[in-house]
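Peer 1: Take a look at the letters that make up each chain.
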Amino acid sequence: MSYEYIKFGKEEREFREKIEEISGENVFSCYQCGKCSAGCMFSDKMDRTVNQQIHRIQMGQKEKVLAANTHWICASCLTCSVRCPRDIDVAAIMEAIREYILREEPEKIIVSELPKEVLERLPNIALVGNFRKMTG
Amino acid sequence: MKIGVYICECGSNIAGTIDTEKVARSAEPLPKVSVSRVYRYACSEPGQNLITNDIEELGLDRIIVAACSPSMHEPTFRAVLKERGLNPYLLEMVNIREQCSWVHSDKKQATEKAISLLTAAVLRNALQQPLTPKKVGVTNNALVIGGGIAGIQAALDLAEVGYKTYLVEKTPSIGGKMAQLDKTFPTLDCSACILSPKMVDVGRHPNITLLANSEVVEVEGFVGNFKVKIKKKATYVDPVKCTLCDECVPVCPVIIHDEYNENLSPRRAIYIPFPQAVPATYIIEEETCLGIDPLICAKCRDVCGPEAIDFDMKPEIIEEEFGAIVVATGYEAYPIENIGEYGYGSIHNVISGLEFERILSASGPTDGVVRRPSDGKVPKTVVFIHCAGSRDPAKHLPYCSKVCCMYSTKHALQYRHLVHDGTAVNFYIDIRTAGKDYEEFYQRAAEEDGVIYIKGKVSEILEDGDQLLIRGVNTLTSETVEMHADLVVLANGMMPSEGTKKIASMLKLPVDSTGFIREAHPKLKPVDTVISGVFLAGTASGPKDIPETVAHASGAASRASTILAQKELEIDATIANVNEMLCRGCGMCVDSCPYSAIELEAKNSFGHTIKVAVVNEALCKGCGTCSATCLNGAIGHLGYTDNQILAQIKALSQK
Ligand SMILES: Cc1cc2nc3c(=O)[nH]c(=O)nc-3n(C[C@H](O)[C@H](O)[C@H](O)COP(=O)(O)OP(=O)(O)OC[C@H]3O[C@@H](n4cnc5c(N)ncnc54)[C@H](O)[C@@H]3O)c2cc1C
Ligand code: SF4
Ligand code: SF4
Ligand code: SF4
Ligand code: SF4
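Note that the protein sequences, when read in sequence, are chains W and E.
Residue numbers 0 to 135, in numbering that gives the first Met the number 0, belong to the letters of the first sequence in order.
Residue numbers 0 to 654, in numbering that gives the first Met the number 0, belong to the letters of the second sequence in order.
Honestly, the hints are just simulated from the structure, not real lab data.
Because the structure is a prediction, the values reported are computed rather than measured.
Where hints are given, some of them may not hold.
To be verified - Derived DSS-like pairs: lysine-lysine, alpha-carbon spacing no greater than 25 Å straight-line:
{"#": "1", "chain 1": "W", "residue 1": "LYS17", "chain 2": "E", "residue 2": "LYS524"}
{"#": "2", "chain 1": "E", "residue 1": "LYS379", "chain 2": "W", "residue 2": "LYS6"}
{"#": "3", "chain 1": "E", "residue 1": "LYS379", "chain 2": "W", "residue 2": "LYS61"}
{"#": "4", "chain 1": "E", "residue 1": "LYS524", "chain 2": "E", "residue 2": "LYS566"}
{"#": "5", "chain 1": "E", "residue 1": "LYS566", "chain 2": "E", "residue 2": "LYS226"}
As the list claims (entries may be wrong) - Now the in silico label distances, taken between C-beta atoms and shown as ranges:
{"#": "6", "chain 1": "E", "residue 1": "GLU44", "chain 2": "W", "residue 2": "ASP86", "range": "43 to 51 Å"}
{"#": "7", "chain 1": "W", "residue 1": "ASP86", "chain 2": "E", "residue 2": "ASP436", "range": "16 to 24 Å"}
{"#": "8", "chain 1": "E", "residue 1": "CYS244", "chain 2": "W", "residue 2": "TYR4", "range": "55 to 63 Å"}
{"#": "9", "chain 1": "W", "residue 1": "GLY33", "chain 2": "E", "residue 2": "PRO205", "range": "53 to 61 Å"}
{"#": "10", "chain 1": "E", "residue 1": "HIS347", "chain 2": "W", "residue 2": "TYR4", "range": "38 to 46 Å"}
{"#": "11", "chain 1": "W", "residue 1": "TYR4", "chain 2": "E", "residue 2": "PRO274", "range": "41 to 49 Å"}
{"#": "12", "chain 1": "E", "residue 1": "GLU439", "chain 2": "W", "residue 2": "ALA74", "range": "28 to 36 Å"}
{"#": "13", "chain 1": "E", "residue 1": "GLU439", "chain 2": "W", "residue 2": "ASN68", "range": "32 to 40 Å"}
Idealized CB from N, CA, C, for every residue including glycine.
Construct all of the structure, not just a fragment, from the sequences and the given hints.
Peer 2: Here is the structure:
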């Protein structure tokens, strides 16, 4: 029988704190009532329910959180945020997971390596869009 | 003779399953019945008025009410008879609710059964005789057994009303478990700080006689008149002379575990249980002192300046009479060594909730620094396991112990306050926070103090180096999980204390299947017992937290006052009575009576001395065991005579 090893070290704490920082929410406010998942129109399309994602953030289980499709299916309809009895902005937490992934991703375009001729033809807004990913 | 019969519908409770009209009609042709009616709620004011009017207009002199259990409404309807000048014992109740409509579903058969029961009642009612209840005097003193917060509160309330109150505590100090707690949920106020003023009040109150180190050894008598023997153990230190200087302690050669600190620190044979103890005195523990004998050792006596130590002190037997008794003998923590998979008792760093209380306490074995027992290190990860023994009817305690979700939350929160970089993980089945400000307290532990809650049981705890490996499940993620921790605290459930079991059997108080003392009614008489004059305070009747214990204890004091305030009490007239002509003095009834209400007495009969059974009217509960036992048919039952019962049987056997 295999056990999922759980620990509450630095990595776990940092992941949880980053999500809290981005979302502005205290994930420990969640007492796992499931109201968010109960009302989410896309729960059946998600491989982990919304409340399970939040529970895993409480536990600092970064890999499991990121591996789920939940936050990608989320349409940011805010139903969960409106309904949460603990007044947690659940959708902001889903958004924070997406942000977290985007921020961690390697840069797709490294500006300094773009050939000069491409740079000259590129609209400014495209460059700004690329930089934005690194801010926040 | 004119009998009135009233069939109650009890809304749909009875009428839903029984054809009440048919039942009423069945009684009409029976002998002596003048009227037979159906009413929706017989116990309501209009229902009672219906009976009252019939008594006046039709001249009824006996009443039968076919309704619910007599334990509910017999007093109601007896009062109706009494008000109209009839003898209340000429009422007969037929239970067609609990014994018919609630337990049957077939309307036809239930109706037939109701008719049979009613017919039997009519035949019995015609044979019933007027009875007069006896009166007994009342002693206005109260006895409170057990000096935890429950006993303290009950004694203070009774004493404040003005009754002389004895408080008997088994151990050397009052205070009970509350004296061992560090802080109390949900306010985190210090337990000793809120308890000790009450303890001091007990010690000082002019109406309270405090007997510590004492146990009740015998209780005789009945409501208003209990005769009680109390044994007070010798303490070998005169409490008046002892100045609490502590000179005696360092010289005592005996070193044993200190039970106040849950055996986590040592003490001597001469000791004071804790600094705020009441009575405030050192005592010598007879069982561990080298001999209470100056020839063996008298080191303490030699250093005692005020000469408080007296090896010649003897135990005393105190005999007193009391009008009412409050049982406040409390609880014990579940022996968690029974839960093999948690390893308590063999793994040093698996400890109980009360041990953790002492570890948290500034006056405890670690001076309030959270240290684990094995090596004194400050644990960096602590796992708190809820329901240790509770909610496990298959192997341990069947019930929820009610306080442990809250105290485990308190423990985790206090630990996080003391060890800022520490991790507190609670494994739970459900979180139960049913009390004022309790849910808020739990949310605060998670939200502000980052306490982690994992829903699921722990399956085993193993030693792994100097750490513990905890295996269990997280049912919210459907994963089996394992983790390391430095310390595990088990939230032991509550069970009745040895003292509670002992007093229950001494006073013949019925207990639940779990051993807690049973209330006379689970909802409406939560502090009464089935023995009149004996009341319950605190955890002796089941798990309670401190606020509930205090309220329960004040309730017990108030209920006891309803007896102590009387000059005399009326005693139910349906009791056993002896036909002296038939009694041959064999004494079988004496042995059979569960309430010890019968004695054999010598009587002069035509110049010969014979023995006959005599029933103590105040003690007899009217259970009927003696009547069933007597081979001579000499002991009968007022209100349930043989001819009345035979008439019922005859009716029931004619189909
Ligand atoms: C670890 C832990 C933490 C807790 N924390 C809290 C908290 O924070 N807040 C809260 O509200 N509650 C808390 N509780 C619950 C609290 O301890 C009880 O509610 C309270 O102590 C009950 O008081 P009691 O007087 O009924 O029983 P007890 O405290 O058990 O007192 C019974 C007394 O009777 C004496 N006695 C027993 N038998 C006899 C006899 N035959 N003759 C004479 N004397 C006898 C005993 O020696 C004892 O002094 C906690 C419990 C535990 C186990
Ligand atoms: S509704 Fe709120 S409290 Fe309930 S599970 Fe979802 S996030 Fe947690
Ligand atoms: S915001 Fe996202 S997670 Fe919340 S209910 Fe809508 S779709 Fe579901
Ligand atoms: S007599 Fe000796 S053993 Fe007994 S309490 Fe005194 S010092 Fe201790
Ligand atoms: S109060 Fe909580 S920990 Fe205690 S038995 Fe009930 S559910 Fe279990």
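Peer 1: Enumerate the violated hints, using their earlier numbering and listing them in ascending order.
Peer 2: 1 and 10
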